[in-house]
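The listed protein sequences derive, respectively, from chains A and B.
Following the numbering used here, the numbering of the first sequence begins with 1 at its first residue and continues without gaps.
Following the numbering used here, the numbering of the second sequence begins with 1001 at its first residue and continues without gaps.
Simulated from the structure, these hints should not be mistaken for laboratory data.
Note that the Cβ used here is the ideal one computed from N, Cα and C, for glycine as well.
Among the clues, some could well be false.
[Unchecked claim] If you want the footprint, here are the derived chain B segments under chain A, 3+ residues with CB under 8 Å:
#1 1019–1025
#2 1083–1096
#3 1144–1154
#4 1213–1220
#5 1239–1249
#6 1271–1279
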Amino acid sequence: MSDIDLTSRPQDIQRLSLERRPFELRALTSGILTGLTWGIAILGSIPLFSVIIMLVTQGGARLDIEALTSLPPAGFEMGGGFANAIIGTLVMVAIATAISVPIGLLAAIYLAILDPHSPLAGTARFVAKTLTGFPSILAGVFTYAVLVINFGYSAVAGGVALAVLMLPTVVLAAEESMKQVPQKMTDAAFGMGCTRSQVIWKVVLPTGLPGILTGIMLAVAGAAGESAPLLFTALFSNYFMSELMEPTASLSILIYNFSAMPFDNQIELAWAASLVLVLIVLVFNILARLIGQSKV
Amino acid sequence: MALNPFEHADSASSVSGPPSGSDYLADSVFRIIALSCAALIILLILFILWEIGGLALPAMAQHGLSFVSGTTWNVGTQEFGVLPEIWGTLYSSFLALILGGTFGVAIAIFLTQDFIHARLAAVFRTIVELLAAIPSVVYGLWGIYVVIPMLRPVAEWLHSELGFVPIFGTELSGPGMAPAALVLAIMILPTVAAITVDAFRRIPYKVKEAAYGMGTTRWEAILKVMLPTASSGILAALVLGFGRALGETMALAMLIGNSNQINLSLFAPANTLASLLASSFPEAGQIEVQALMYAAVVLLLITLVVNVVGLGIQQYTVRKFEGKA
């Protein structure tokens, strides 16, 4: 860069004073780029506002007691709702949480505390990270291959598929927050003569709990919004679920099915169901944030 | 108060005295359980590969590599080829990467290079994170009823004025590559932005101070110092965002038009591997399911490679700045 060539004559150096004229080329470029960045940042947040406005106006218009309590309408029927889909979504997310949280927590304990530098831990960590970028539809295909072929479409299969997707998030978040527990605290506990499992249960887990819960909430929020894996595992049902081993409705599949229908009633319901789904996802996201903040 | 510190020592049995034999037993049992859970994660991905591969095996044996190069998908004649879907997957993800990558990196610069007050930046960060929280199907629905109508006049104008350019070569009939790629770009934007923000945060503050100390303008500092220093992190962000886009399913199944053709035009309908799976699977018979499983294997391999490359670059970046794994 010739601008800072110190071998140049003194009168040249004088020109290179730190004073910056507002219309010299480099200041102008900087100003233009700054404006451009502002523009991009504002433009980038427009989709979110557009989605929210559509959800509130389109979905809010149709969100009433009937929509929340009745079954999906058939073709030309008016009215109807998506109560069975709300229940189905909640049940499947609960199943997924029940499967993924214990396994994920124990794996995270191994990765963070028991043997962080072993080849097994390194591989498991890498696999977990790879799985977070895993196409969600493949979790559905996998569960189809393992469960659906043998037992048919069911809420349990849907839950298992969602659990596969939740697992890496839970593991990585729990590991991260357990690593944050100060070494001195665990050293002190070991110094008192505690065994490893006592240290983990009585010191590490309680201290890392906010971070662990944050990870779980984010995983739950993600699972609630998933739809692709449910296409192959839970399918859909127009009725309330009576047992766990039958095809089960979910909000996301309802939105997918109804969005392609040529009936206004169904499309209005798809928007209302989207509003409910986004609210569920947001509640868990906000919970995650609140729990995460409380630890500071 | 004269207090005897050992007064309650006997009653506090949980901490007094060394761990008993059963404590040690519980400890090793616990360790084994935790170890097997960690091993389970590794087994899971092997199991996934094995199961999907197992179901795809008949189709693999029957169609071989012609499956990847074939362009027809006809259940009646049992002709299966996914070249149009591979093309659609890569093309839509590439378009999304250009758009979402530019926006994601620009927003990351906006958030980390002191353009706005730190508290305002935190609010803006939350907005970007919320983009990631909105489910894929909701974006699909929004795409159908907001993006496509909005895009239609633009597409008509571009086609009539610049129709001789291949990328504007067809009319937008409704769903198609452009709305799909646009929504896809919005969906990967948070991923790219978040990883890029991390990359910028890793740069020691002294580097920026030094740049300003040389008398650079803000953008000289960003373009000549910050971006090159963070380049490997940004590359990781782009690769991982690309990987995200490859596997995205529902929004694309709703927006891309599910048409089995290879077309350079932005307004032509197309298809991707993931949306082929989503749209064909529920009604597929046994033979078609096997072919779809083969398509799943292809998708799995593509995304695995892209993700592993992205993670590799990311780990390299972390190591470069922190000197550890």
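We went through each hint and held it up to the structure:
Counting residues of the region 1019–1025 of chain B whose beta carbon lies closer than 8 Å to any beta carbon of chain A gives 3, which meets the minimum of three for the stated coverage. Residue count for the region 1083–1096 of chain B with a Cβ under 8 Å from a Cβ of chain A: 0. That is fewer than the three needed, and the coverage hint is violated. A count of 3 residues in the region 1144–1154 of chain B with a Cβ less than 8 Å from any Cβ of chain A is obtained; the coverage claim is therefore met, three being the minimum. Note: the region 1213–1220 of chain B has 6 residues with beta-carbon separation from chain A under 8 Å; the three-residue rule is met and the coverage holds.
By the rule of at least three residues with a Cβ nearer than 8 Å to a Cβ of chain A, the coverage given for the region 1239–1249 of chain B holds, with 7 such residues. Residue count for the region 1271–1279 of chain B with a Cβ under 8 Å from a Cβ of chain A: 3. That meets the three needed, and the coverage hint holds.
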